[in-house]
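Participant: Same order as they appear, the protein sequences are chains A and B.
Going left to right, the first sequence walks through residues 1 to 372 as our numbering numbers them.
Going left to right, the second sequence walks through residues 1 to 326 as our numbering numbers them.
In short, the hints are calculated from the structure, not lab data.
Note that beta-carbon positions come from the ideal geometry of N, C-alpha and C, so glycine has one too.
Errors might be hidden in some of the hints.
Result set (BS3-like, lysine-lysine): computed pairs, CA atoms no more than 27 Å apart in a straight line [unchecked claim]:
id, chain 1, residue 1, chain 2, residue 2
1, A, 266, A, 167
2, B, 91, A, 19
3, A, 245, B, 178
4, A, 245, B, 134
5, A, 19, A, 41
6, B, 59, A, 266
7, A, 203, B, 91
8, B, 175, A, 203
9, A, 245, B, 24
10, A, 258, A, 185
11, A, 282, B, 91
12, B, 215, A, 245
13, A, 258, A, 203
14, A, 194, B, 134
15, B, 24, A, 203
16, A, 167, B, 89
17, B, 127, A, 282
Rough simulated footprint, nothing fancy, chain A against chain B, three-plus residues with beta-carbon under 8 Å [said to hold, decoys possible]:
id, region
18, 70-76
19, 149-156
20, 245-259
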Amino acid sequence: MQISTVTGQLATCLETVEKALPVRTTVPVISNILLQIDSNKLIFSATNHEIFITVSMDHEGSDSGSILLPPKIVDIVRYFPTPSVSIDINWENYRLDISGGSARFHLYGSSSDDFPLNSVVSASSDETAESFSFDLSSFKKILKEVVFAASTEETRPAFNGVLFTFKDQTLTLTASDTYRLVVSKIQDESWSFKEVRCLVPAKALREFLRIAGEGHKGITVGYQNSLLSVDFGNIYFASRLLEEKYPDVSGVIPGDYKTRVVIERKLLEDTISRAALLAEGKNQAVNIAVKDNSFEVRVSSQEGSMEEYLPVEQDGESIELFVNSRFVLDILKIRDEEKIIIDFHGEGGPLIFRLMDDSSYLYLVLPIKKVN
Amino acid sequence: MSYDQLTGQNELRRMLSAALENGKLSHAILLSGPSGSGKTSWGKLLSQAILCPDHKGIKPCMICRSCRIFLSGNHPEFYYLEPEKRKLKTKQFRLIREHLYLGGNTKVCLIDQAETMTAETSSSLLKILEEPPKGLTFILLADQPGALYDTILSRCQRYALQPMSSSEIYELLVKNNKADEDKADLLARLSSGLPGYAFDMADDADFDERFREAKTLAYNIATGRDSAVQLLSWAASLAERDDLIYLLELVALIYRDGLMQSLCRRGDNIYRFEKPLVWTETVSSAGLEEAILLINTTIYEVVATNVNRRLLLEKMLIMLQRRLAL
Chain A
1 MQISTVTGQL ATCLETVEKA LPVRTTVPVI SNILLQIDSN KLIFSATNHE IFITVSMDHE
61 GSDSGSILLP PKIVDIVRYF PTPSVSIDIN WENYRLDISG GSARFHLYGS SSDDFPLNSV
121 VSASSDETAE SFSFDLSSFK KILKEVVFAA STEETRPAFN GVLFTFKDQT LTLTASDTYR
181 LVVSKIQDES WSFKEVRCLV PAKALREFLR IAGEGHKGIT VGYQNSLLSV DFGNIYFASR
241 LLEEKYPDVS GVIPGDYKTR VVIERKLLED TISRAALLAE GKNQAVNIAV KDNSFEVRVS
301 SQEGSMEEYL PVEQDGESIE LFVNSRFVLD ILKIRDEEKI IIDFHGEGGP LIFRLMDDSS
361 YLYLVLPIKK VN
Chain B
1 MSYDQLTGQN ELRRMLSAAL ENGKLSHAIL LSGPSGSGKT SWGKLLSQAI LCPDHKGIKP
61 CMICRSCRIF LSGNHPEFYY LEPEKRKLKT KQFRLIREHL YLGGNTKVCL IDQAETMTAE
121 TSSSLLKILE EPPKGLTFIL LADQPGALYD TILSRCQRYA LQPMSSSEIY ELLVKNNKAD
181 EDKADLLARL SSGLPGYAFD MADDADFDER FREAKTLAYN IATGRDSAVQ LLSWAASLAE
241 RDDLIYLLEL VALIYRDGLM QSLCRRGDNI YRFEKPLVWT ETVSSAGLEE AILLINTTIY
301 EVVATNVNRR LLLEKMLIML QRRLAL
């Protein structure tokens with residue numbers, strides 16, 4: 001059968017699914033791209049067995065069938081000289097003839113029988129399944145504000161994931177690397193979830209952020225059959241879940257603060273960035289002190305020392321402690337509010353970053369115990 | 001290799017089948033046995049059976065989708081690790097590690113030559129062995145389980161592969177069309193109960209030539225027909241050869257055959273051959289035993305030490321002749 005299409009459009013599809021191709025694998029079949037053809041659609045799929053990406057594009061034709069395309073086809077189409085391209089598929093021997101203008105390529109595809117996609121496609125009924133609609137750019141923003149805190153270390157597999165907790169009208173996202181913790185709540189009147197917890201690999205979410213593109217459009221986020229899926233029009237993204245128990249984090253978040261400051265976010269970001277220049281070691285420790293409505297940042301290391309003061313609104317007792325400057329900068333960079341609240345809970349207690357008049361987001365950092 | 005082609009190991013087959021049927025199979029299995037005893041074949045068979053939803057004991061159904069993609073090397077939940085440049089590196093393990101924690105399916109991770117794990121790989125494996133994710137089974141294969149860390153050993157259910165009888169190996173060779181009946185007979189008696197070794201010999205195109213040489217050498221030494229000068233020239237020519245180890249092993253196996261013959265009583269089912277490959281009146285079982293030990297020591301010294309091969313071989317040949325031919 002023959003497929004004729006616009007080169008650029010085909011290349012975009014292939015480049016998107018390519019993101020799911022495994023870098024290195026011992027399973028030969030998944031290094032290919034699956035093409036399924038039905039009467040009016042071309043559906044491309046790829047997986048590294050952690051994430052699945054499926055992209056569909058419209059197409060006029062009467063034939064249907066499926067074939068595995070060798071990964072080389074992505075670059076072949078990307079660099080094709082003509083604005084339109086035609087692909088001939090011989091179903092007898094899975095030979096592909098790609099042509100346009102004077103350029104011709106012959107490639108060999110293979111049978112799609114062994115491709116492990118059916119775990120996604122045959123999404124049979126699942127009683128705990130949940131799904132909701134959302135705006136793409138808001139969803140991306142929410143994810144970005146959480147994913148950075150997930151651990152990339154291998155020691156505790158549960159912390160390599162972001163916990164999605166669906167309950168009633170709320171979706172709660174939690175990420176932590178045991179030194180810091182983000183909890184972000186999203187609420188919508190129209191939702192009514194059953195209580196479900198699923199742990200999504202942070203790596204998969206980072207990949208999602210990379211392919212999601214820009215702009216506002218409606219997406220459907222769903223949880224089903226131990227997969228988290230995001231459906232945005234012609235692209236379908238799914239990630240397998242981590243099968244680990246996520247610890248209960250509610251006990252870590254202390255109730256009342258001992259000291260609360262309200263501070264200009266941008267000013268603090270700049271100050272901490274400067275302080276971090278001299279901070280050293282794995283901890284990147286900076287000394288923070290709050291007293292008399294002044295926020296003091298100090299570093300003293302082998303390379304030198306610095307100090308700087310910022311005016312703040314202080315509520316509660318004075319305090320002094322050490323904290324990892326990188327952890328503080330992460331949150332200051334990722335938020336765009338003008339002012340931010342920092343709660344202190346005594347000398348060994350955590351710092352909690354909160355938003356003004358908004359209890360849906362919090363960022364908790366443990367201080368560094370300084371041994372003198 | 002499919003289930004029907006794997007003969008022998010009845011004890012292992014029974015134990016694994018029972019464990020699988022009763023759901024008593026541990027999340028970590030260690031299969032041990034000398035190199036060539038069939039660990040990889042059994043490890044793969046067990047993996048396939050664990051993944052197959054319709055398995056009967058250790059016998060996979062062979063027709064379901066899981067079995068089909070397993071046999072074509074495309075099972076996504078079968079993770080196979082083998083040493084890269086003689087070591088199992090953390091880098092290799094790290095590649096598959098995060099996949100092992102993904103939920104949903106039965107998974108098997110087969111680690112070939114597990115004793116080649118570096119200390120770092122062992123400790124990262126240990127972490128996952130201690131708290132294994134649901135549905136994951138580890139199968140470790142090792143020639144020398146003693147070389148594994150105690151902490152890993154203590155978390156594994158251990159099974160050992162036994163040497164196979166010569167008739168079982170004979171059957172195996174014939175069933176798999178590896179050799180005709182005469183050659184299968186010969187290979188079975190040379191294989192010391194190790195099917196892998198028999199298969200390697202069957203696949204070696206130069207085997208017949210080498211075997212003839214080894215046989216001549218074994219015979220000449222045992223009968224004492226070579227003068228000292230001839231022995232020295234043997235040593236000089238052997239020392240130059242690339243396949244020296246192989247030849248020495250063959251000679252040792254030929255003597256082993258003689259030893260088996262003199263020790264087994266007629267009708268013993270371990271050894272089914274009537275006449276030894278090389279036989280002279282003067283040879284005693286004690287002499288053969290010493291000869292085999294001597295050759296094995298020489299092989300070890302050639303492999304493991306940087307020694308003058310010719311001198312070593314001269315010494316070996318002279319001592320062999322003295323033990324056997326006097």
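Participant: Confirm or reject each hint.
Facilitator: Hints, verified against the model:
Taken as a hint, the residue 266 of chain A and residue 167 of chain A pair is broken in the structure, with Cα atoms around 35 Å apart against an allowance of 27 Å. For the hint pairing residue 91 of chain B with residue 19 of chain A, the CA-to-CA distance comes to about 22 Å; that is within 27 Å, so the pair holds. Our distance criterion of 27 Å between C-alpha atoms is broken by residue 245 of chain A and residue 178 of chain B, whose separation comes to about 51 Å. Taking the CA atoms of residue 245 of chain A and residue 134 of chain B, the gap is near 11 Å; set against the 27 Å cutoff, the hint holds.
Taking the CA atoms of residue 19 of chain A and residue 41 of chain A, the gap is about 21 Å. The hint holds against a cut of 27 Å. With a CA separation close to 66 Å, the supplied pair residue 59 of chain B and residue 266 of chain A exceeds the 27 Å bound. For the proposed pair residue 203 of chain A and residue 91 of chain B, the alpha carbon gap of about 18 Å is at most 27 Å, so the pair holds. For a cut-off of 27 Å, the pair hint linking residue 175 of chain B to residue 203 of chain A is broken: about 49 Å separates their Cα positions.
Note on residue 245 of chain A and residue 24 of chain B: the hinted pairing holds, with a Cα-Cα distance of about 24 Å set against a maximum of 27 Å. Restraint check: the Cα-Cα separation between residue 258 of chain A and residue 185 of chain A comes to about 24 Å, which is no more than 27 Å; the hinted pair holds. Our distance criterion of 27 Å between C-alpha atoms is met by residue 282 of chain A and residue 91 of chain B, whose separation comes to about 23 Å. Taking the CA atoms of residue 215 of chain B and residue 245 of chain A, the gap is about 64 Å. The hint is violated against a cut of 27 Å.
At most 27 Å may separate the alpha-carbon atoms for a hinted pair to count; residue 258 of chain A and residue 203 of chain A exceed this at roughly 36 Å. For a cut-off of 27 Å, the pair hint linking residue 194 of chain A to residue 134 of chain B stands: about 24 Å separates their Cα positions. Distance restraint check for residue 24 of chain B and residue 203 of chain A: the Cα-Cα separation of roughly 35 Å exceeds the 27 Å cut-off, and the hinted pair is therefore not satisfied. Annotation: proposed proximity of residue 167 of chain A to residue 89 of chain B is violated, straight-line Cα distance about 43 Å (limit 27 Å).
About 24 Å separates the Cα atoms of residue 127 of chain B and residue 282 of chain A, which keeps this hinted pair within 27 Å; it holds. Under a criterion of three residues with beta carbons nearer than 8 Å to beta carbons of chain A, the stated coverage of the region 70-76 of chain B is upheld, 5 such residues being counted. For the region 149-156 of chain B, the stated coverage by chain A is not satisfied: 0 residues place a CB nearer than 8 Å to a CB of that chain, which falls below the threshold of 3. Here's how the region 245-259 of chain B fares: 0 of its residues keep a CB closer than 8 Å to some CB of chain A, so the rule of at least three is not met and the hint is violated.
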